[in-house]
Amino acid sequence: MANYIIETRALHKRLGKKVAIQSLNLKIAQGGIHAVIGANGAGKSTLFRILLGLDAPTSGESFILGHNSQSLEPEHRGRIGYVNEEHTLPTWMKVHEVTAMQKNLYKNWRQDLYDSVIGNFKVEQSQKVSALSRGERAGLNLAMALAQAPEVLILDEPTLGLDVVAKQAFLEALMFTQADIDTTIVYCSHQMEEIERVAEQLIVIENGEMKYNECPEKFSDMVTYWIFDEALSESQLSTLGNVLSARIIDEQTHLVLADLEAAEALEKLNALGIEAATQVPVSLDKAIASILAKNHRAPK
Amino acid sequence: MFDLFKSEYQRYQLFAWGICLLQLVLWSTFSKFFSVVEPQSELHLFIILGGVAVGVLFGLVSVSLHRRKNHWIYLMHRPLSKGRIYFALSLAGALLLFIAFILPFLVNVLIADVTTQQVVEARHYTNVLHAFLVMLCGYTLGQFIALANNKLAIGVLFSLTYLILRRQESVLYFLLLDSMFLLFSGYLAYASFRVNLAAEQTSKRFIAIAMLFIQPVAVVGLISLKAFYYHIPLSLTSQQYDLAKPLHELETQGQFDYELLRKHTDLEVMQWLARDIEQPLSDTIQRQLKLAKTNTLSRAHFYKPQHKHGFYLHTRHRQFALETDTTKWVFSHSDMLFVGIDRQTGERVGFLGRTGFVDQASQLTESNKFADVAVAIQTNAHYVQTKNKLYQVDFENKRIDLKFALTGSEEHFTSTPVPMFDVIFMSSNQQVYLFNKVEFVDSLVGLAPIKQVSLDFAYPTLPEIVMAEVMDGYVLMVHDGNLFAALKAGAKLIYLPHEGDNITLVSKEVQLSALPDWLHQQKLMFSPLVLNIVDNLVHSTLMFNSEPSRGEGFIWQRPIDLNFSLLIVFCCLLTVASIFYLGKKAKLDDKTHKFWLLISLITGPTALIAFLILMPWPKLQGLIKRESAA
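Chains as they are written, first to last, in my numbering: chain A, -12 to 287; chain B, 4 to 633.
Derived from the structure by calculation, the hints contain no laboratory data. Please note that a few of the clues may not be correct.
[What the hints assert, rightly or not] The list that follows gives simulated cross-link-like pairs (lysine-lysine, DSS-like), each with its CA atoms no further than 27 Å apart:
| no. | chain 1 | residue 1 | chain 2 | residue 2 |
| --- | --- | --- | --- | --- |
| 1 | A | LYS273 | A | LYS14 |
| 2 | B | LYS390 | B | LYS401 |
| 3 | B | LYS85 | A | LYS94 |
| 4 | B | LYS72 | A | LYS81 |
| 5 | A | LYS154 | B | LYS72 |
| 6 | A | LYS205 | A | LYS255 |
| 7 | B | LYS72 | B | LYS35 |
| 8 | B | LYS372 | B | LYS392 |
| 9 | A | LYS205 | A | LYS109 |
| 10 | B | LYS296 | B | LYS266 |
| 11 | A | LYS5 | B | LYS266 |
| 12 | B | LYS85 | A | LYS90 |
| 13 | B | LYS154 | A | LYS4 |
| 14 | B | LYS266 | B | LYS372 |
| 15 | B | LYS9 | A | LYS94 |
| 16 | A | LYS90 | B | LYS372 |
| 17 | B | LYS207 | A | LYS115 |
| 18 | B | LYS72 | A | LYS115 |
| 19 | A | LYS90 | A | LYS154 |
| 20 | B | LYS372 | B | LYS307 |
| 21 | B | LYS440 | B | LYS207 |
| 22 | B | LYS311 | B | LYS401 |
| 23 | A | LYS81 | B | LYS9 |
| 24 | B | LYS72 | A | LYS90 |
| 25 | B | LYS229 | A | LYS4 |
| 26 | A | LYS81 | B | LYS85 |
| 27 | A | LYS81 | A | LYS109 |
| 28 | A | LYS5 | B | LYS590 |
| 29 | A | LYS14 | A | LYS255 |
[As the list claims (entries may be wrong)] If you anchor each label on the Cβ, the simulated ranges turn out as follows:
| no. | chain 1 | residue 1 | chain 2 | residue 2 | range |
| --- | --- | --- | --- | --- | --- |
| 30 | B | GLN13 | A | ARG184 | 35 to 45 Å |
| 31 | B | GLN13 | A | VAL267 | 52 to 62 Å |
| 32 | A | HIS83 | B | SER335 | 49 to 59 Å |
| 33 | B | ALA580 | A | SER46 | 22 to 32 Å |
| 34 | B | ARG70 | A | SER120 | 52 to 62 Å |
| 35 | A | GLY53 | B | GLN13 | 35 to 45 Å |
| 36 | B | ARG70 | A | GLN98 | 26 to 36 Å |
| 37 | B | ARG70 | A | HIS83 | 22 to 32 Å |
| 38 | B | ASN199 | A | GLY53 | 12 to 22 Å |
| 39 | B | ASN199 | A | GLN98 | 26 to 36 Å |
| 40 | A | ALA43 | B | GLN13 | 26 to 36 Å |
Every residue gets a Cβ at the ideal spot worked out from N, C-alpha and C, and that includes glycine.
The whole structure should be built from the sequences, with the hints applied where relevant.
Structural data, given as C-alpha cells:
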C-alpha cells in the first residue's frame, strides 16, 4: 500500500438511484502528474470527496497516503493539498493575511515556492482577495497549495473559467514548480490541451468505472484511426472489438478503434477483406475525446 | 485556531460594530423613556426574543455559508481538528454577537451604575448575561439546524420557549438553566459539525440529547393533530357543545365538563351551581344571584412571592413613584429595603425599611431590612407586601406599620389586596381573607379579617375566585381544574353572611375534560415516562401558560384507568415496531438500532418523530435530491 499515494479497492458509491462510482480499483503511484479524465457526471469529484473523507463510500475502501480516507487525522490533512475549481478563499481578507494564515497552519511552508509561483501572477499582497481576478485567485490558490509542500496535491478542474493568459500562467507555474518538489499531483480537467501538456499518467473514468490508467504515449497507441473505401456491416464492425466511431465521409469509411495496437487492428481489417486501409495519426486529445464521446448521448 | 477565529471575526466585524453603534444610539434614546437597567417585562421579553432570533439567524447563516460544497472542503480540509475548527468559528460568532447586541446593553447598565445613584445591582448585570446566554443558545441551535441533514430539525427551536417564557425565577435559577441549555445545545451543534455531514449519527449521547430538544415540539405537534381527527369532524357534524344552551342542558348523565364553566359568564355558572343548593336556601340564593353584581379576581392581582435577586420585572411592583413627591422609592435586593432617589437630581435622599424611614445610609441596621423581597403597591393608600406580611406606608408622616401577617405555616400570599364591593379581598395559598375596607385604609394598627375561608388544600397558585354581593352578605365562587386534588376539577359556592358563620352551599366535582381520557391525557400516551417528568416540572411552558407552574403530578400520582394504560403500552410497542422496521430499512448499525429501540420504549411516539428527523434515511430526508452526482 505504501507504494501508492492513492488507492481504492472495489469502491462503490450510490447517490440515490444513480451509481456515481462503480467497483473502482484505482492505484496512483507516488510522483508525477496524474490526470483524471472523465465526462461530466463521471464521478471524479465524488471520488475526490471520498478521498478527502467528506463523503463515505457505499461499499469498498479508499486510501490516501496509506491512510483510510474515512479516518484522516489533521496531521494527514496537512500532507494533502486540494484546490477546487472555484478557488474558494476567504474573500473578506487581504492576500497577505490569507497567506499568513496558511503559513501558520502548515509547518512545512515553503516561502520560496510561494514567492516563485505568485510571481507569475499580478497579485498585490495588500489587495483584498475579493478584488482579485479569477486568474489571480487561481494563482494565489496554487501558490499556497504548493507552498504547503504537500505529498499529494489534488487539483479539481483548477483552470475552469480562466482566460488563455491566466491558464498559461497557471500551467507554467504548476509544471516548473512540480519539477522542483516531490509532490504527486492528481489533476482533473476537461481541457485536453492541458492534459496533453501536463499529464504523465492518464486515468480515464467513465460512468464511475476506471477505463484506463496508462501513460499518454501508450494511451495514444491504444486508439487508431483508419480510412478505407469499403463499407462495413454491423456484424463486421462487431468483430473488430471496441469501435469508438464508424462514419462514412465522401464514400470512405472513417473508423476509430480502441484497445488495439495498430498491427493488430490492421490484421483484423485485412481479415474482413479490407486491403487498403490507411492509418491516420491520432493526437492525444482526439484519442481522449473519442473515448469520452463514445458513451455520450448524441441529440436525436 | 486563532487565525481561523480571526478570519471569521473579520468576516462580520463591520456589521457587528455597525449594529453596535446603532444600538448604542437607540439605547441611549430609549433610556430617556424606559429603564434600561430594569426593563419592563414587555421590553425585557422583546430583548430576549430579539436576542434569540438574532442568535438563531446568525447561527444559521454563518454555518450555511461554510456548508456550501467547496467552502466546506476549504474549511474542514486543513491540519486542524474539527473541534478546534468548530470552537474557532463559534468563539468568533459569540464575540460578534456580544459586540453587536450585548455590548450596547451592558454599556448602558454600566453608565447607569457609574454615573448615577440609581439602584444598580449584580442582578442587573446578570440580566445582561442572561440575555447573552439565551442568545448563544439560539446561536448554537441555529448552527445545529444548518448542519442537520433534515431541515425539520428546525423544530428544536421550540425548546427555546422554556428559556424565553420563564421570567419570574431567581437570577441564579436562570443562569443555571441557561448554562445547562447552552451546554446541551452547544454539544448538539458540536456533534453535528463533522467532516462528512451526510454520515449517520451513532453517538448515544447525541441521540439522547437531541431527543430532549425534539420532545417538546413532537408532543405539541402530535397533540395538535387532534384538531383534525376530533375537533374539526365534531364541528362539521355539529356535535360540539352548543354554548348558547343554558348550562344545565349541557350536563350529560350527571356529568359535567370543566371547560364549559370557563366558557360561560360567572353569574351563569353561579346560578347553575345554586340549583344544587338545598331548599329553601336554593330559591333565595338563585333569586338574589339573578340581580347580583360580581367581582372577579383578575390575573393582574395574582401575587407570587418574589425571589431575592430575581429579575423582578413588573413595573407596578418595582417602585413607589408618587405624584405628590419628587422621590421615587426603588427596592434594593442587596440592601433589602427601598432606596429613595430624587427624580430631578438623581441623588439618594433616604431609605425605607420595615422599621421606618432612615435618612442616612450610615444609620441603617439589620433591623431595617425586610425579611423577604418586598413589592410596592401604590393605590390611594400605599402598601408594601412581602411573602407573608403586609405593611402600610404613610409617606407624608414618614411612617410604616405592619398591617397584617399570615400565621399559617408555609402560608404565603397569592394575591395583592383587591377592593371588592365594601371589602378588601386577599388570598393566600391556604385561605381567603376579607377585610373591612375602611379599616384596611385607615387603621394603622394590626388588622383582623372580617371573614376567612379555608381552601381545600395548599394551592401553588390561585384558583378562579368570583365574589357576588347578595342581600345579607357575599357569595364566593371558587373553581379550579385541581380544586379537590390534582386533576380533580370542581366548583364551590360559599355563602359569607355579614353576621354568622360561613356556609358551604355547594361543592361539586366535575369532569376535568370533555375529551375522552385517551385524548385528554395524550401527553402520557406520546411520551409516558420522559414527558411525565418534564410535564410535571415544566408544565406551564409546554402549555403556553403564563401562570406559575401547576404540576399535574408524576405518572404514578395520576389516576389512570387500565384501558388507558394499555393504550399507552400499545403506542409504545407500535413505536418500537416502527423504529425496528425503519432502522432495518435505513441499515442502522446494530448498537445504534438497539439504542433507538430503547429510547422509543422510554419516550413513546415522540421517538419516532425524532428518529425521522435525525436519521439519514434517504427516502425520508430527500438525500437523493441533495446529493447530486459530481
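Each hint, compared with the structure:
1. LYS273/A x LYS14/A: With a Cα-Cα distance of about 25 Å, the restraint between LYS273/A and LYS14/A holds, given a limit of 27 Å.
2. LYS390/B x LYS401/B: holds (23 Å)
3. LYS85/B x LYS94/A: holds (18 Å)
4. LYS72/B x LYS81/A: Satisfied, since the Cα-Cα distance of roughly 23 Å is no more than 27 Å.
5. LYS154/A x LYS72/B: Between LYS154/A and LYS72/B the Cα gap is close to 24 Å, so the pair holds against 27 Å.
6. LYS205/A x LYS255/A: Judged against 27 Å, a Cα distance of about 20 Å means the pair holds.
7. LYS72/B x LYS35/B: Given pair LYS72/B, LYS35/B is violated - Cα atoms ~49 Å apart, limit 27 Å.
8. LYS372/B x LYS392/B: Distance ~13 Å between LYS372/B and LYS392/B Cα, so the pair holds.
9. LYS205/A x LYS109/A: Since the Cα atoms of LYS205/A and LYS109/A sit roughly 38 Å apart, the hinted pair is violated (cutoff 27 Å).
10. LYS296/B x LYS266/B: OK: LYS296/B and LYS266/B at ~19 Å, within 27 Å.
11. LYS5/A x LYS266/B: With a Cα-Cα distance of about 59 Å, the restraint between LYS5/A and LYS266/B is violated, given a limit of 27 Å.
12. LYS85/B x LYS90/A: This hinted pair holds, its Cα atoms lying about 19 Å apart.
13. LYS154/B x LYS4/A: Judged against 27 Å, a Cα distance of about 22 Å means the pair holds.
14. LYS266/B x LYS372/B: Outside the cut-off at roughly 46 Å; violated.
15. LYS9/B x LYS94/A: holds (19 Å)
16. LYS90/A x LYS372/B: violated (63 Å)
17. LYS207/B x LYS115/A: violated (45 Å)
18. LYS72/B x LYS115/A: Holds - the C-alpha atoms of LYS115/A and LYS72/B are around 23 Å apart, at most 27 Å.
19. LYS90/A x LYS154/A: holds (25 Å)
20. LYS372/B x LYS307/B: holds (20 Å)
21. LYS440/B x LYS207/B: Given that 27 Å is the threshold and the Cα spacing comes to 63 Å, the pair is violated.
22. LYS311/B x LYS401/B: Holds, because 26 Å separates the two Cα atoms, which is no more than 27 Å.
23. LYS81/A x LYS9/B: With a Cα-Cα distance of about 13 Å, the restraint between LYS81/A and LYS9/B holds, given a limit of 27 Å.
24. LYS72/B x LYS90/A: Holds, because 24 Å separates the two Cα atoms, which is no more than 27 Å.
25. LYS229/B x LYS4/A: violated (37 Å)
26. LYS81/A x LYS85/B: OK: LYS81/A and LYS85/B at ~25 Å, within 27 Å.
27. LYS81/A x LYS109/A: holds (14 Å)
28. LYS5/A x LYS590/B: Holds - the C-alpha atoms of LYS590/B and LYS5/A are around 19 Å apart, at most 27 Å.
29. LYS14/A x LYS255/A: Judged against 27 Å, a Cα distance of about 32 Å means the pair is violated.
30. GLN13/B x ARG184/A: 35 to 45 Å: This hint holds: roughly 38 Å between Cβ atoms.
31. GLN13/B x VAL267/A: 52 to 62 Å: holds (58 Å)
32. HIS83/A x SER335/B: 49 to 59 Å: At 55 Å between Cβs, range holds.
33. ALA580/B x SER46/A: 22 to 32 Å: Since ALA580/B and SER46/A have Cβ atoms about 29 Å apart, the given range 22 to 32 Å holds.
34. ARG70/B x SER120/A: 52 to 62 Å: violated (27 Å)
35. GLY53/A x GLN13/B: 35 to 45 Å: holds (37 Å)
36. ARG70/B x GLN98/A: 26 to 36 Å: Holds - the Cβ-Cβ distance for ARG70/B and GLN98/A, about 33 Å, lies within 26 to 36 Å.
37. ARG70/B x HIS83/A: 22 to 32 Å: Holds, since ARG70/B and HIS83/A (Cβ atoms, about 28 Å apart) stay within the stated range.
38. ASN199/B x GLY53/A: 12 to 22 Å: holds (20 Å)
39. ASN199/B x GLN98/A: 26 to 36 Å: Distance hint for ASN199/B, GLN98/A holds at roughly 33 Å.
40. ALA43/A x GLN13/B: 26 to 36 Å: At roughly 33 Å between Cβ atoms, GLN13/B and ALA43/A fall inside 26 to 36 Å, so the hint holds.
Checked against the numbered hints given earlier, the structure breaks hints 7, 9, 11, 14, 16, 17, 21, 25, 29, 34 and satisfies all the rest.
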